[in-house]
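Peer 1: Here are the chains, one letter per residue:
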Amino acid sequence: MAKILEVNDLITRFYTFDGVVHALSGVSFDLDEGETLGIVGESGSGKSVTMMSLLHLLPTPPARIEGGKALFYSNRNEQNNNTDPVDLLQLDKSGIRKIRGGKIGFIFQDALSALNPVMTIGRQISETLIEHLGMTVDEAKKRSIELLEYVGIPEAEKRFSAYPHQFSGGMRQRTMIAVAIACNPEIIIADEPTTALDVTVQAQIIELVQRLKKEMKMSVIWITHDLGVVAGMADRVLVMYAGSAVEIAPVDDLFYNPGHPYTIKLLGALPKIGEEGQHRLESIDGTPPDLLSPPAHCQFAWRCPHAAEKCWQAVPAAREISPGHHAACFFDFAARRP
Amino acid sequence: MQKYIFSRLVQSLCILFGVLFIVFFMMQVTGDPVSLLLSRHATPQEVEEMREELGYNRPILIQFTSFVSRAVVGDFGRSFRHKQPAMDLIIERLPATVELAVTALLISLILGIPLGLISGSNPGSFWDVISRGTGLLGQTIPNFWLALILILVFSVNLGWFPSFGRETWHFMGLTLPTRSVILPAFSLSLFTMGQLIRFTRSAVLEIRSEDYVRTAYSKGIPDRKVYIRHILRNASIPLISIVGVQFGYLLSGSIYIETIFSWPGLGNLLAESIGNRDFALVQAIAFFSSFVVVTLNLLTDIAYGLADPRIRYE
Amino acid sequence: MDNNSTGQQIPTGVAASTGLAIDQKQETGLWHFIKYTAHLLARDKAGTIGLIMFVIVVLSAILAPWISPHDPLKQNLRHAKKPPAWYEKGTMEYPLGTDNLGRDILSRIIYGSRVSLTVGFFGVLIASSLGIVIGLFSGYKGGKTDNIIMGGVNMILALPYLVFVVFIAAILGSSLLNVILIFGFTDIPIFVRITRGEVIKMRASGFVESAVSIGATGNRIIFSHLLPNLIGPIVTIATFEMSAMIFYEAGLGFLGLSVPPSVPSWGNMLAAGRKYLVIYPWIATFPGLAIVFTGLGMNLLGDWLRDVLDPRMRRVKK
Ligand SMILES: Nc1ncnc2c1ncn2[C@@H]1O[C@H](COP(=O)(O)OP(=O)(O)O)[C@@H](O)[C@H]1O
Ligand code: SF4
Ligand SMILES: [Mg+2]
Chain A
323 MAKILEVNDL ITRFYTFDGV VHALSGVSFD LDEGETLGIV GESGSGKSVT
373 MMSLLHLLPT PPARIEGGKA LFYSNRNEQN NNTDPVDLLQ LDKSGIRKIR
423 GGKIGFIFQD ALSALNPVMT IGRQISETLI EHLGMTVDEA KKRSIELLEY
473 VGIPEAEKRF SAYPHQFSGG MRQRTMIAVA IACNPEIIIA DEPTTALDVT
523 VQAQIIELVQ RLKKEMKMSV IWITHDLGVV AGMADRVLVM YAGSAVEIAP
573 VDDLFYNPGH PYTIKLLGAL PKIGEEGQHR LESIDGTPPD LLSPPAHCQF
623 AWRCPHAAEK CWQAVPAARE ISPGHHAACF FDFAARRP
Chain B
4 MQKYIFSRLV QSLCILFGVL FIVFFMMQVT GDPVSLLLSR HATPQEVEEM
54 REELGYNRPI LIQFTSFVSR AVVGDFGRSF RHKQPAMDLI IERLPATVEL
104 AVTALLISLI LGIPLGLISG SNPGSFWDVI SRGTGLLGQT IPNFWLALIL
154 ILVFSVNLGW FPSFGRETWH FMGLTLPTRS VILPAFSLSL FTMGQLIRFT
204 RSAVLEIRSE DYVRTAYSKG IPDRKVYIRH ILRNASIPLI SIVGVQFGYL
254 LSGSIYIETI FSWPGLGNLL AESIGNRDFA LVQAIAFFSS FVVVTLNLLT
304 DIAYGLADPR IRYE
Chain C
374 MDNNSTGQQI PTGVAASTGL AIDQKQETGL WHFIKYTAHL LARDKAGTIG
424 LIMFVIVVLS AILAPWISPH DPLKQNLRHA KKPPAWYEKG TMEYPLGTDN
474 LGRDILSRII YGSRVSLTVG FFGVLIASSL GIVIGLFSGY KGGKTDNIIM
524 GGVNMILALP YLVFVVFIAA ILGSSLLNVI LIFGFTDIPI FVRITRGEVI
574 KMRASGFVES AVSIGATGNR IIFSHLLPNL IGPIVTIATF EMSAMIFYEA
624 GLGFLGLSVP PSVPSWGNML AAGRKYLVIY PWIATFPGLA IVFTGLGMNL
674 LGDWLRDVLD PRMRRVKK
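Chains as they are written, first to last, in my numbering: chain A, 323 to 660; chain B, 4 to 317; chain C, 374 to 691.
I should point out that these hints are in silico values taken from the structure, not numbers from a laboratory.
A quick note: this is a predicted structure, and the numbers were derived from the prediction, not measured.
Treat each hint with caution, since some may be false.
As the list claims (entries may be wrong) - DSBU-like cross-link-like pairs, simulated, lysine-lysine; straight-line CA separation at most 30 Å: (1) Lys391(A) <-> Lys415(A); (2) Lys420(A) <-> Lys228(B); (3) Lys325(A) <-> Lys391(A); (4) Lys632(A) <-> Lys587(A); (5) Lys228(B) <-> Lys463(A); (6) Lys463(A) <-> Lys391(A); (7) Lys415(A) <-> Lys228(B); (8) Lys480(A) <-> Lys228(B); (9) Lys6(B) <-> Lys517(C); (10) Lys464(A) <-> Lys480(A); (11) Lys463(A) <-> Lys587(A); (12) Lys228(B) <-> Lys464(A); (13) Lys6(B) <-> Lys514(C); (14) Lys463(A) <-> Lys535(A); (15) Lys480(A) <-> Lys391(A); (16) Lys480(A) <-> Lys86(B); (17) Lys6(B) <-> Lys574(C); (18) Lys420(A) <-> Lys536(A); (19) Lys535(A) <-> Lys420(A); (20) Lys535(A) <-> Lys480(A).
Only chain A is shown next, with the shape it has when bound in the complex (with noise of 0.2 Å):
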C-alpha cells in the first residue's frame, strides 16, 4: 500500500523557564493510504505534541521543532498532478495553512471547550469552506447543513444556526468531524476524541469516524487512551513512552506478541475481556521519567523489569524484530505465539 504520511526523527522541545522540556526525542512512524493508525501511551508522552508538531499548531514560544521530517504524499494535489511529498515541517505559513483543514482535518478532545462558544455551529462550519473551497456564504451554507446531516445530526438546518452549548457532547464531537472532514481530507487526524463521552455515544463516535473513512477514502490517525478502541477499529498501533516511539505493529501482532516491555505492561494491565469499565493505561506503576533532562539510556529502565546493564548505558534504537514490527529495546520480548 502506498504511504501518505511519513515521520522521520521528530524531534520537538519546549524551552521553558524551568529548562528545556524535550517532548519528542525522535519519533518515527508512517501511515498508510486508507488506513487507521492508532497511538497509544500514558499522557504525557508526546502523542498530542506529535501531532500539533506537524501542522504547526504549537504556541512558539516555548515549542520549538528541532528536527525530523513529516513527508506528505498527497495525492489529491488539484493543482500541479505532482506526486512529490511535501515536507510539513518545512512549509511556510501560508503552505501549512492549505493543508490544516484542508488536507488534514483536526478533531479535538473536548468539542466544548474546542469550538466557538459565541460562533454558531454552521458559521464554524462553512468558515472552512468558504477559506479552502473559495465558496459564497450562501454555498457554505448548504454544505455545512449536508455536512451535518451526513454526520448524523437530525434537524440540520435548524441547529445550523445554533450555538455549541445547545448541543449535547455528542452531537458537539459529531460537529467537529464535521469541520475536520468538511474539505474532503485525506487524512484525520482525531486525539483522544471520544474520551470525554459516555460509552455508547463513544461506540457511535468510532462507527462514524469509521464509516466517513471508507466512504471518503481517508486515513485516520487515532490517539486514545483506550487499549480496546484501538483493538477494535486500528489497522496498525503506535505506543509511545516519554517522547519516543517505542512499538509499532500490526495491530493483532502488537496484541498477541508484544515485543517491548513497556507494552507488555500495558497489554497486562488491561481487564481481561467481559470486565467493566474502560480499558485505561494509568494503572501501570511507576511514573513516567522527567522530561527536562532525559537519560542517556533506556527511558523506561527504572521501570522495566528485564532492565540489564546495557540498558542502563544506551539508548536502544528502534528495530524490526518481525515484518511490520518495530520495537525499542535491546532485546525481544515478543512471544511469537501464532
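Got chain A sorted already, so can you dock chains B and C with the ligands onto it with the hints?
Peer 2: Here is chains B and C with the ligands on its own, set in the frame of chain A:
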C-alpha cells in the same frame, strides 16, 4: 434570557433597598441624626422643631419606613444650606458630571483598548512594555495629584487649558463641551484607562490560548481572521462588563477632580455638602450615586447577556 | 496552549519536575523556603524592584526619627517656602525644600509614610481576619447562610466605594483610628469573596469530603487543608488592598477627612500644597511622588506574588 433579566432586576432592587438601609442607619451612628441634619449653629429650639418635623421622636422602624417611602419618590428632604429639595440640587448638577464622565470614558476607551489589544497580541514587545507601564501608572498615580500636575503644566505654564470651571458652548439649542473638560476628563480617565489596558491585555492573552482558537488555526483560517473573528470578538464580550462598571464609577462623580477643577457636578456638590455638614444632601447624593451605579450594572449585565449566546439562549 | 490543553491530567513526573531544580531535593524548613523564594524573586526583575521599593518605604517609616534631617513639625518661618536643593535658591539643608510654614518637606514625607503604612497595615489586618472568618463560615455552611452573606458582600462591592467612604468619614470625624476602622470594615467583602471562592473550589475538588471521610473534623480541616491553600491568594490580595488603602487614605487626607491636619501625612501635605500650587509647586509635588512610589512598589510586588503563589503560573516561561 427573560429569567436572567428578571433575576438581575430583583437583585438590583435588593441592592438599592440595602443602600437605603445603610444611608438611613449611617445617620444613627452618632446617636443624634438631627444634629447632622442641621447646621452646627442651630438653636435648641430649631433642633426640637426639626426632630418633630422629621418624626425623629417616633420609633426607629417607623422612621425608616417613612424614609424609604419618601426616598422611592426621590424625596430626601431639604438641604439646609441651599434651602432646596436635595434631589433638585442633584438634578441640577447632573449634566456637568455626565459631560465629564462621558469624555473621560471616551478618552480611556480610545487609548486603553487599542493599547491593551496591541500589548496582549505581542507580549514582550516594546508596545507591551509601554502599555503595561501605562496600565500600572494608571492604577498607582492618584488622580487628585495628577490633576494638580496637569494644571501646573498645561494651564499655568503652557496656558492651553483653563485651570478650573466649566465652560459650555451653546449651539442650536444644545449645550456642548469645550476644551475646559479636557484636563479634568483626562485626569479622571487615567485609572479607567489603566483598568482597560490591563483587562484587555489579559483577556486577549487568555483567549489566544483557548482550545477553540487552536481549532480555528487547525481549520486553516489565516491569522488575521482568527484574530478578528475568534480572539477579538470573544475578548470584547467580557470587556462589556468592565466598561459598564467603569462608566458607573465615572458617573457617580469624582469628588477629587470636580473639587480641584471647580467642576459644577455631583462630586463637587458632595464635597461642598460635606464641608457644610449638610447631611440630607450627602444622603441623597450617596443614594443617587448608588442608583446610577446599580442601574448601569444592570444594563451592563443585560448587554452582556445579549452578547453571549450562552446566556441569551438560557 | 499549555500542556494541559487537551484536558488531561498532568503526568506527575512532569508536573513535579517543572518546578525548579530545588524541587527535586525535597528540602524542607524555613531556610529552604527563603532560598526558594529568593530564587523565584530573582527571576522576576519587576518583582525585585517592587520589593526593594516597598522595603524602602517600610524602613523609612520605622527609622523615621533617625533618618529625618529635621523635626517634621518644627516651623521655621525664616526658611519658609524654600525650593528643593537643585534650584538656585535651594539649600542642601532642605533637600526637597520647605512648605509654607518652613517645615522640612523631606522629613514630613518620611514621617508621612508612618501614617500611610499604619492605615494600610491595620486596615488590611482587620479586613482580612474578619473577611477570612466570614468567608470560611459562608463557604463551609453553604445554603441559605451563604446566600445571605454573599448577597451582602455583592451589595457592598456594587456600591460607589469612594462616595460611601467619604460619607462615613464625614459622619465619624477625622482620626487615625476612624480611618483604620473605615477601611478595615469596608474592605471585608473582598476577603470574604476570595476566601469563600477558595473553599468552594476545594469542596468541588472533593478535597474536603475526602478529609471528612478519613475522620477529620471541621477545625482540623480548616487549619490543615484550607488555610495553607488560602495563603497564596490572601497574601496577594492583601498587598493590593493595602496599596489601595494607602491611596484612599491620601485621598481622604486631601479632602481633610483623614488624620487631623497637624499630623504629617501625604494626603494632608497634598491638601496644603494645593493652595500654593502655582507659586510653590514642590510642596504638592513630592508627597504625590511618595504616593506613586509606594503604590508602584506594592503593585509590582503584588503582581509578582500572584505569579509565584499561583503554582500554575510557574510552569510556562512568560
Ligand atoms: N506548552 C508546553 N510547555 C511545556 N511543555 C509542554 C507544553 N505542551 C506540552 N508539553 C510537554 O510535552 C509532553 C507531551 O505532552 P502531550 O503531547 O500533550 O502528551 P499526550 O501524550 O498526553 O498527548 C508533556 O510532558 C508536556 O509536559
Ligand atoms: S531496553 Fe532494557 S530497559 Fe529498555 S525496555 Fe528494553 S529491556 Fe527494558
Ligand atoms: Mg494529548
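Peer 1: Please go over all the hints and tell whether each is borne out by the structure.
Peer 2: Okay, the hints, checked on the actual structure:
Taken as a hint, the Lys391(A) and Lys415(A) pair is honoured in the structure, with Cα atoms around 17 Å apart against an allowance of 30 Å. For the suggested pair Lys420(A) and Lys228(B), the alpha carbons sit about 15 Å apart, so the restraint of at most 30 Å is met. With a CA separation close to 14 Å, the supplied pair Lys325(A) and Lys391(A) stays within the 30 Å bound. Between Lys632(A) and Lys587(A), the direct Cα distance comes to roughly 21 Å. Compliance with the 30 Å bound is thereby established for this hinted pair.
With a C-alpha separation of about 19 Å, the suggested pair Lys228(B) and Lys463(A) falls inside the 30 Å cut-off, and the hint holds. At roughly 37 Å between alpha-carbon atoms, Lys463(A) and Lys391(A) are farther apart than 30 Å, so this suggested pair is violated. For a cut-off of 30 Å, the pair hint linking Lys415(A) to Lys228(B) stands: about 14 Å separates their Cα positions. Simply put, Lys480(A) and Lys228(B) have alpha-carbon atoms about 26 Å apart, close enough for the 30 Å limit, and the pair holds.
Distance hint between Lys6(B) and Lys517(C) is fulfilled; the C-alpha atoms sit about 21 Å from each other, no more than 30 Å. For the hint pairing Lys464(A) with Lys480(A), the CA-to-CA distance comes to about 12 Å; that is within 30 Å, so the pair holds. Distance restraint check for Lys463(A) and Lys587(A): the Cα-Cα separation of roughly 49 Å exceeds the 30 Å cut-off, and the hinted pair is therefore not satisfied. Taking the CA atoms of Lys228(B) and Lys464(A), the gap is near 22 Å; set against the 30 Å cutoff, the hint holds.
Of the pairs offered as hints, the one joining Lys6(B) and Lys514(C) holds, with about 27 Å between alpha carbons and a cut-off of 30 Å not exceeded. Distance check on the hinted pair: Lys463(A) and Lys535(A) sit about 23 Å apart at the alpha-carbon level, within 30 Å; holds. About 44 Å separates the Cα atoms of Lys480(A) and Lys391(A), which puts this hinted pair outside 30 Å; it is violated. For a cut-off of 30 Å, the pair hint linking Lys480(A) to Lys86(B) is broken: about 64 Å separates their Cα positions.
Under the criterion of a C-alpha separation no larger than 30 Å, the hint pairing Lys6(B) with Lys574(C) is consistent with the structure, at around 27 Å. For the suggested pair Lys420(A) and Lys536(A), the alpha carbons sit about 23 Å apart, so the restraint of at most 30 Å is met. Straight-line distance between C-alpha atoms of Lys535(A) and Lys420(A) comes to about 21 Å, which keeps the hinted pair within the 30 Å bound. For the given pair, Lys535(A) sits about 27 Å from Lys480(A) by alpha-carbon distance, which is consistent with the 30 Å threshold.
Hint violations for this structure: numbers 6, 11, 15, 16, all remaining hints satisfied.
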